[in-house]
Every structure is written in structure tokens, then in C-alpha cells.
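First to last, the protein sequences are chains A and B. Residue numbering for the first sequence is 705 to 802, as defined by our numbering. Residue numbering for the second sequence is 3 to 107, as defined by our numbering.
Hints listed in this document are in silico derivations from the structure and should not be mistaken for laboratory results. This one's a predicted model, so the numbers in the text were calculated from it and none came from an experiment. For glycine and all other residues, C-beta sits at the position ideal for the given N, C-alpha and C. Take the hints with a grain of salt, since some may be wrong.
Claimed, not checked - A few chain B residues that face chain A, going by a derived Cβ cut-off under 7 Å, partial list only:
1) Ala16
2) Met97
3) Gly98
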Amino acid sequence: MVHRLSGIALAVFLPLHFWVLGSAIEGEMSLGSSLAWTEQPLVKLGEWAIVLALAAHLGGGLRVLALEFLPWRDWQKGLAAAAAALTVAVGLALALAL
Amino acid sequence: MLWIAQRASAAVLALCVAVHLAMIIYAVQGGLTAAEILERTRGNAGWLAFYSVFVLAVTIHAPIGLRSVFAEWLGWRGRSRDVVLSLFALLIAWMGMRAALGVFA
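All chains, full assembly: derive it from the sequences and hints.
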């Protein structure tokens, strides 16, 4: 469920992300005005959420790949825990940095 | 075929996303301005190649993932769904490469 919801969020976010970065092709001023828009608190919160979703989707995806391709079932718990830890760590790192 | 494509693109993306997350954390230190970003990124062929691979993998991965979501949650199957998702794939490929070229070329 987390994997699915984070995947949908990322699919929605991607075109917007590319659109903002694509404004760089029109020059620094254009990218600058796009980035100014991202200074709003709600947008900041959204950025933090999407990075967390990306980390969660990465963790969930690694878990799926491990379940499907690795024969060592005992590793499941360890990998899932590592994925969760990575998610929290990246989220926190961003929360502190932003 | 789609199953394999989804797993193969996932494996590529696992690496890309890990690098991308590290890059985000590094890049936001001390704030972001357009000038700072572009000064560091412009003319960097290595990163352009990396992000081109990233965009290609996402172009494969996101529509296949949405395909299952549409079928299981919305009951949307068949040709209309696949046409819409193909257009979505084309859109993110075009926008993604435009962004990568804008930032790194």
C-alpha cells in the first residue's frame, strides 16, 4: 500500500519536477522564478513529502526485488528493516537540511 | 515482457535514486539559487549521461506501475488505458530529457 501510494505520488510529481527544471533551458532567470515559487512553506512541506515518498518507494522496491529474486528468505526482515531505516534517515536528513 | 521490464528498470532506478537522494541532500546544503545550481551542473557530460539513463528508466517504470494501479483500483483495462499510458510515457520522456539538457548540457 505504501509502495503503491508513493508510486502514484511520484508519477504525479514527475511532470511538475521536469517542468520546473526544464525552465532552465530558457535561462537562469526563468529557473530562478520557478525556484522562488518553491520557497512557500506548503511547497517546502510537499518537497519533503515527495522525497520521503521517493525513499519509501525505493525501500519498498528493494524489498520486492529481494522477495522475488533472492533465495534467502531469512533476509526479508533485515532488508525490510533496512528499508524503513533508510526511509526515516533520508527524511530526517532532508527535514534538517531544508 | 512488461514484468521483466518493470524489474529491470527497478534495478537501474534503485541505483539512480540512491545517487539522486545523495545529490539532493548535498545540493540543498546552504540553499538553492538558480545561478548556483547551473554553475555547478552546466557542461557536465557525465551527469547528463547519468540523468539520461535515469529518465529512460523512469519512462519505462512509471507507466507500467500505473498500469497495474489503474487495473486494480479503477478497473480500467484495455486499449484506452494503454494509449493514455503510452502518451504519459512520451510526455515524461520528452519533459525529462528537456530538463536534463536544460540543467546539464
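Evaluation of the provided hints:
1. Proximity of Ala16/B to chain A holds as hinted, the smallest CB-CB distance being about 6 Å (cut-off 7 Å).
2. With 7 Å as the threshold, the beta carbon of Met97/B comes within range of chain A, its nearest partner Cβ sitting at about 4 Å, so the hint holds.
3. For Gly98/B, the suggested interface contact is upheld, since its CB lies about 5 Å from the closest CB of chain A, less than 7 Å.
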